[in-house]
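**Q** Under the numbering used here, the letters of the sequence shown match residues 1 to 520, in that order.
By construction, these hints were calculated from the structure, which means they are not laboratory data.
Careful, some of the hints might be misleading.
As the list claims (entries may be wrong) - If you anchor each label on the Cβ, the simulated ranges turn out as follows:
| # | residue 1 | residue 2 | range |
| --- | --- | --- | --- |
| 1 | T190 | D89 | 22 to 32 Å |
| 2 | E263 | P466 | 26 to 36 Å |
| 3 | V282 | P512 | 21 to 31 Å |
| 4 | S509 | Q486 | 36 to 46 Å |
Unchecked claim - Mimicking DSS-like on lysine-lysine, the simulated pairs with C-alpha atoms at most 27 Å apart in a straight line are:
| # | residue 1 | residue 2 |
| --- | --- | --- |
| 5 | K138 | K13 |
| 6 | K392 | K326 |
| 7 | K338 | K314 |
| 8 | K251 | K110 |
| 9 | K196 | K110 |
| 10 | K314 | K392 |
| 11 | K67 | K24 |
| 12 | K138 | K110 |
Don't be surprised by glycine CBs; every beta carbon is placed ideally from N, CA and C.
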Amino acid sequence: SGESGAGKTESTKLLLRHIMNLCKGNSQLEQQILQVNPLLEAFGNAQTVMNDNSSRFGKYIQLRFQKNTVQGAKLSEYLLEKSRVVQQDAGERNFHIFYYMFAGLSSEEKEMYGLLDPSLYRYISGRFGTQDVAQRWKHKYQEVCNALDMVGFQEQEQVDMQAILAGVLSLGNVTFEPEESNGSVKVSETSRGWLKAAAVSHKNCWQKTYGYDVVSHWHLSVSCCCYPCADARDSIAKVAYGRVFGWIVCKINELLAENVDPEVELREIGILDIFGFENFAVNRFEQLCINLANEQLQHFFNHHIFQLEQAAYKEEELPWETITFKNNEPILDLLLAKPLGLLSLLDEQSAFPQATDKTFVDKLNSSFKGNLHFQPGRGRYLGFSIIHYAGKVQYTAGGFLEKNRDTLPANVRGLFINSVTPLLSLLFTGKCLCYDRASHTNQGPPWQELSHSLMVLMERMYSADPHFVRCIKPNSQKEPGVVDNQMVLLQLRYNGLLETIRIRRDGFSWRPSFEEFAER
1 SGESGAGKTE STKLLLRHIM NLCKGNSQLE QQILQVNPLL EAFGNAQTVM NDNSSRFGKY
61 IQLRFQKNTV QGAKLSEYLL EKSRVVQQDA GERNFHIFYY MFAGLSSEEK EMYGLLDPSL
121 YRYISGRFGT QDVAQRWKHK YQEVCNALDM VGFQEQEQVD MQAILAGVLS LGNVTFEPEE
181 SNGSVKVSET SRGWLKAAAV SHKNCWQKTY GYDVVSHWHL SVSCCCYPCA DARDSIAKVA
241 YGRVFGWIVC KINELLAENV DPEVELREIG ILDIFGFENF AVNRFEQLCI NLANEQLQHF
301 FNHHIFQLEQ AAYKEEELPW ETITFKNNEP ILDLLLAKPL GLLSLLDEQS AFPQATDKTF
361 VDKLNSSFKG NLHFQPGRGR YLGFSIIHYA GKVQYTAGGF LEKNRDTLPA NVRGLFINSV
421 TPLLSLLFTG KCLCYDRASH TNQGPPWQEL SHSLMVLMER MYSADPHFVR CIKPNSQKEP
481 GVVDNQMVLL QLRYNGLLET IRIRRDGFSW RPSFEEFAER
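Whenever a hint applies, use it, and build me the whole structure from the sequences.
**A** Here you go:
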């Protein structure tokens, strides 16, 4: 755990390599496991203002052993930041894979997928990179292709997957305009070419999915407002990308599953690499979800390091002076309590068609008046602040209700199911939803899915013997070899590491069994 950009993902990769080395691992399975990370990074990581390779999802890797040999692995993923597909703030980028494709595909392949100059695409903000950066992306694209081959993806699956990604980019350029004759909305004349490009991005495989009928279905019900059409377009892009990512995780789990007798008991090491605490210039719904996950992990750390440890000392009647720590339970209550926690109120407001982001903020202001961990927005600012364990974060409330609803028009879902692209149809029929059922509900608002996922994750962690790797970010300039002492000290304080050092120094950090003690 640690702030965004503190080195969690890099530490995870080093730890995986270390474990494989200890296993003397040269088998194909062990090499496949090592290839999982670059694959997931391409589809799940992006450049942010805090980190050039920021994980925009959380992952839990379970390695299963028999007699010190890896027999299989399983991956669970949490809360992919799908909104990044359709919008990025200044200084940020979309998911890496889009840029890798532009840099790595040949001219013939780009033509097959209907891809033009990257500066034309709204979903990547018309930004690409310098020649040096493009060369690096080209190399990364080859790494992704090698990883897909190594893990075991079929060639046709890879083609279909890239066709879907190309279609998503073209779809982002589709715009709408009022229909003069009847007051409804139609695809603008200037963007019909983009709709066609999305429809035929791979040998006509998208024609049935993104044909003009989709748009006529939309404009019948949206009166003369273009916004619902644009929202539906963006919903399609987000859902399609999210399903592709889920399918990749699903395929990885199929290919890395252990092939042993079910009666054989396997030991397990689990590694959790989850998105770090975030505090940007503009913080949205996604940052609240990410920071909630970090609040729960900090609570687990406090419980394990301080509460359980000191309870054991008291139970054995050891002379002990209680060490106090910063308990973040009140913040979790503010966020998760039912029926009056912040996220319950968000759910309640999302259920009202007439509710707006402003009515949601008004509800928060009245419900949490006087709460020490909540501050209303000043003046006309539509937002609020929460005093997290890691400090105060100001959230912009715009888009909270829409993102929590996260809906896809039912008729569009039907068109996906009837797509002539086998992979696209598969993604929406439910036949490939081999998610870890414990970590995905596949229903309800995003925060509910996250809350359920975290609850299951916490249950796993409470039943295990946890080890905490605290990653400390040395500076905010993303520079190597530079240590900002004040920044480091702030992290040591809010993580509870100064108190941890004290309990390790004064307490009993090494506890061998009697047999180990006697043998020594």
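**Q** Hint by hint, say whether it matches the structure.
**A** How the hints compare with the structure:
At about 26 Å, the CB distance of T190 to D89 agrees with the hint of 22 to 32 Å. The beta-carbon spacing between E263 and P466, approximately 28 Å, falls within the hinted interval of 26 to 36 Å. In this structure the hint that V282 and P512 lie 21 to 31 Å apart at CB is violated, the actual value being about 51 Å. A hinted range of 36 to 46 Å is violated for the C-beta pair S509 and Q486, which are about 29 Å apart.
Straight-line distance between C-alpha atoms of K138 and K13 comes to about 22 Å, which keeps the hinted pair within the 27 Å bound. Among the hinted pairs, K392 with K326 is consistent with the structure: their alpha-carbon atoms are about 15 Å apart, no more than 27 Å. Between K338 and K314, the direct Cα distance comes to roughly 34 Å. Violation of the 27 Å bound is thereby established for this hinted pair. The hinted pair formed by K251 and K110 meets the criterion: a straight-line CA distance of about 25 Å does not exceed 27 Å.
Taking the CA atoms of K196 and K110, the gap is near 15 Å; set against the 27 Å cutoff, the hint holds. With a CA separation close to 35 Å, the supplied pair K314 and K392 exceeds the 27 Å bound. At most 27 Å may separate the alpha-carbon atoms for a hinted pair to count; K67 and K24 meet this at roughly 12 Å. With a CA separation close to 14 Å, the supplied pair K138 and K110 stays within the 27 Å bound.
The structure is inconsistent with the numbered hints 3, 4, 7 and 10, although it conforms to all the rest.
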